[in-house]
Each structure stands twice: as structure tokens, then as C-alpha cells.
Amino acid sequence: MAESDQEQRRVDQFILEKIDSVSHLEALLLLWNSRPKQWSPEELARRLYVETKMARGLLADLQRSDLIVGASSSNESYCYESRSEEKDQLIELVDATYRFQVVKISNLIHSKGSSAVRDFARAFRFTKKEQE
Amino acid sequence: MTRVQAFLLGITVMMSTTAGVFFLKFWRSTRDVLFLAFAAFFLLEAVDRTTLFIFARDNEGNPWVYFIRLLASLAILAAILKKNYGGGRHRTL
Amino acid sequence: MPEAVYLLGAFTSFLCAVLLLRGYAAGKRKLLLWSGLCFAGLGISNGITFIDLILLPQVDLYSYRLAATAISIALLLYGLIWTSQ
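Chains as they are written, first to last, in my numbering: chain A, 61 to 192; chain B, 3 to 95; chain C, 329 to 413.
Hints may be right or wrong, so weigh each one.
Which stretches of chain B does chain C cover? Using the computed rule of at least three CB atoms under 8 Å from a CB of chain C, they are [to be verified]:
| hint | region |
| --- | --- |
| 1 | 11–17 |
| 2 | 77–88 |
Straight line, CA to CA, 30 Å or less: simulated DSSO-like cross-link-like pairs of lysine-lysine [to be verified]:
| hint | chain 1 | residue 1 | chain 2 | residue 2 |
| --- | --- | --- | --- | --- |
| 3 | A | 113 | C | 356 |
| 4 | A | 164 | A | 97 |
| 5 | A | 78 | A | 97 |
| 6 | A | 97 | A | 113 |
| 7 | C | 356 | B | 84 |
| 8 | B | 27 | A | 164 |
| 9 | B | 85 | B | 27 |
| 10 | A | 78 | B | 85 |
| 11 | A | 113 | A | 164 |
| 12 | C | 358 | A | 113 |
| 13 | B | 85 | A | 147 |
| 14 | C | 356 | A | 78 |
| 15 | A | 164 | A | 147 |
| 16 | C | 358 | B | 27 |
| 17 | A | 97 | C | 356 |
| 18 | B | 84 | B | 27 |
| 19 | B | 27 | A | 78 |
| 20 | A | 97 | A | 147 |
| 21 | C | 358 | B | 85 |
| 22 | A | 78 | C | 358 |
| 23 | A | 113 | A | 78 |
| 24 | A | 164 | B | 85 |
| 25 | B | 84 | C | 358 |
| 26 | A | 78 | A | 147 |
| 27 | A | 147 | B | 27 |
| 28 | A | 147 | A | 113 |
| 29 | A | 147 | C | 356 |
| 30 | B | 27 | C | 356 |
| 31 | C | 356 | B | 85 |
| 32 | A | 164 | A | 78 |
Restraint ranges, calculated between C-beta atoms of paired labels, are given here [claimed, not checked]:
| hint | chain 1 | residue 1 | chain 2 | residue 2 | range |
| --- | --- | --- | --- | --- | --- |
| 33 | A | 77 | B | 56 | 43 to 51 Å |
| 34 | B | 31 | A | 148 | 26 to 34 Å |
| 35 | C | 388 | B | 87 | 35 to 43 Å |
| 36 | B | 83 | C | 406 | 26 to 34 Å |
| 37 | A | 109 | B | 56 | 27 to 35 Å |
No lab work stands behind these hints, which were simulated from the structure alone.
C-beta atoms are modelled at their ideal positions from N, C-alpha and C, and glycine is treated no differently.
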């Protein structure tokens, strides 16, 4: 459970900026909780009860957002790689928050509007910045 | 104005309006002023061309045309500049 | 005065096209491709308008201008309809 307002805001901001859908969040948290296990699209599809094609898309999106890494290029597999303590702490916070506030976080994600639209707006930034 | 030109003008107005409405929808869901600027751009285009057509001065040799075009272009430029250099630290788009 | 407006219009359109196509190159988001192509086309249309009314007033390029604009916005609409949910 998020301890403070500030932590709550960090979680909200993370969700708003980086998470495109509930499925993306579930996939990310699955990889986080099983780290450093490597997942293939087929495995993920079985676990999340979605089609392999969708799982492949989820993993590619998460990788593009720099949230997970592709573990090897020869066969498609991905895993969560701990690269910074700050990032780990944040994901752990998100995980804990999501467990207790599924509905709130789902609503937050759905309120964002389609990710294609957000990418359109983002394209008009002259420089790519990580945070605001 | 030939029939082909009238046809092209008509479908352009229709498509511009539709695009404008899409951007209005995006503005409503994202609250990002950029989309409002694009909506204005396309809706003004549509209004512009329709007015021209009605007053039968095609070929755009009319001063009002430039004024409205100018406004539309400036709106987009202003929105882009604001997005990049404007204040406000809590925009996530 | 009219010259400036058409050139500004072309500049704005090409700027949008560059930003959108750059965004497409980065993330492969289809909406950016179609809208980028639209603005490139609108930029071209503005360019043709400039040529038509300012540089070559004796030639009538109206049909070409209209066609370029119509095709451009059609591309945009295709992108908008397919990719937004």
C-alpha cells in the first residue's frame, strides 16, 4: 500500500507516462515478480490467457519503453533486468499499490485516452526527455 | 470551377471537418491544447473553403482566405512552441 | 502578404510532417505515419499554391492543389479511423 501522498503520486505518474493498458501492467509485474526469469511470447500468452500475438506486442512495447530488456536476440525472450535501485523501488511500489487498488489503477489507465493519440502529442516534443 | 474541382473541393471540406472533429475528441480526452490547435486548423480550412465556394471566388485570390489560413497556421505553431517552451511542470504529454 | 502566408503554411505543414515522421521512425506508431504523410502532402499543396498564384500566374494549377490537399487529408483520415479506438 502506498505509504504517502508523494509515493502515490510517483505511482500515478509512472502509470500515466509509461503504462499503456492494464495488460501491459500485468505483463510488467509478472516479469518483475519472476525476475530474472526469461519469458517468451508464448509463455506469457499462456500465463496471461491472451493470444501469442498480443503477448508479443506487450513485450515489444514494454521493451520500447525501456521497462524490460530483450534477453537474447536469437530467440525472443524478455526479462526484467535490475538496472537501478530507484527503478526497482518504483516498480515494487507500483506492484504493491496495484494489489490493493486494482480498480483505481485500472481507471487511471483507462482515463488516459488511446496510446496512439498520446504518441501523436509526444511526437511534437523537440527533444526527448525522460521526465518532465 | 469545373465539376471535378467542385467535387474535390466538396470532399476536402467533408474530410477536413471530420478530421477536425476527431481532433476535438482527442482534445477532450487528453486536455492537450495541441489537439485543439489541430482541430481549429482543419475546421477553419473547411469553413474557409466553403465560404470561398459560396462567394464563388475560387482560386483563393481573396484576402480573407489568407487571414484565416494564417490564423490556423499560427495556432499550430503557437501550440507546438508552448508544448516545448511553455511553463507548466505537470504535463505528462 | 499572401506569399508570406502560403510560405508560412508550407513551413508549418512541413514542420509537423518532420516531427510526426521522426516520431514514426522511433516508435513505428501507424497514426504518426499517416498524419506525417498528410502534413507532407499539405506542405506540397501549399507549395503548389505558391507556385500557382505567385510564380506562375498564367498557369492554372487549381486542380492539382485540390487533388494534393484531398489526398493528404484522406491519408490522415485513414490513419485516424483505423488507429484510434
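Here is what the structure says about each hint:
| no. | hint | in the structure |
| --- | --- | --- |
| 1 | 11–17 | holds (count 4) |
| 2 | 77–88 | holds (count 3) |
| 3 | 113(A) with 356(C) | holds, 17 Å |
| 4 | 164(A) with 97(A) | holds, 29 Å |
| 5 | 78(A) with 97(A) | holds, 22 Å |
| 6 | 97(A) with 113(A) | holds, 20 Å |
| 7 | 356(C) with 84(B) | holds, 26 Å |
| 8 | 27(B) with 164(A) | holds, 24 Å |
| 9 | 85(B) with 27(B) | holds, 19 Å |
| 10 | 78(A) with 85(B) | holds, 19 Å |
| 11 | 113(A) with 164(A) | holds, 28 Å |
| 12 | 358(C) with 113(A) | holds, 17 Å |
| 13 | 85(B) with 147(A) | holds, 27 Å |
| 14 | 356(C) with 78(A) | holds, 17 Å |
| 15 | 164(A) with 147(A) | holds, 22 Å |
| 16 | 358(C) with 27(B) | holds, 19 Å |
| 17 | 97(A) with 356(C) | holds, 28 Å |
| 18 | 84(B) with 27(B) | holds, 20 Å |
| 19 | 27(B) with 78(A) | holds, 22 Å |
| 20 | 97(A) with 147(A) | holds, 18 Å |
| 21 | 358(C) with 85(B) | holds, 22 Å |
| 22 | 78(A) with 358(C) | holds, 19 Å |
| 23 | 113(A) with 78(A) | holds, 21 Å |
| 24 | 164(A) with 85(B) | holds, 29 Å |
| 25 | 84(B) with 358(C) | holds, 25 Å |
| 26 | 78(A) with 147(A) | holds, 13 Å |
| 27 | 147(A) with 27(B) | violated, 34 Å |
| 28 | 147(A) with 113(A) | holds, 28 Å |
| 29 | 147(A) with 356(C) | holds, 26 Å |
| 30 | 27(B) with 356(C) | holds, 23 Å |
| 31 | 356(C) with 85(B) | holds, 22 Å |
| 32 | 164(A) with 78(A) | holds, 17 Å |
| 33 | 77(A) with 56(B): 43 to 51 Å | holds, 47 Å |
| 34 | 31(B) with 148(A): 26 to 34 Å | holds, 32 Å |
| 35 | 388(C) with 87(B): 35 to 43 Å | holds, 42 Å |
| 36 | 83(B) with 406(C): 26 to 34 Å | holds, 29 Å |
| 37 | 109(A) with 56(B): 27 to 35 Å | violated, 57 Å |
Checked against the numbered hints listed earlier, the structure breaks hints 27 and 37; every other hint is satisfied.
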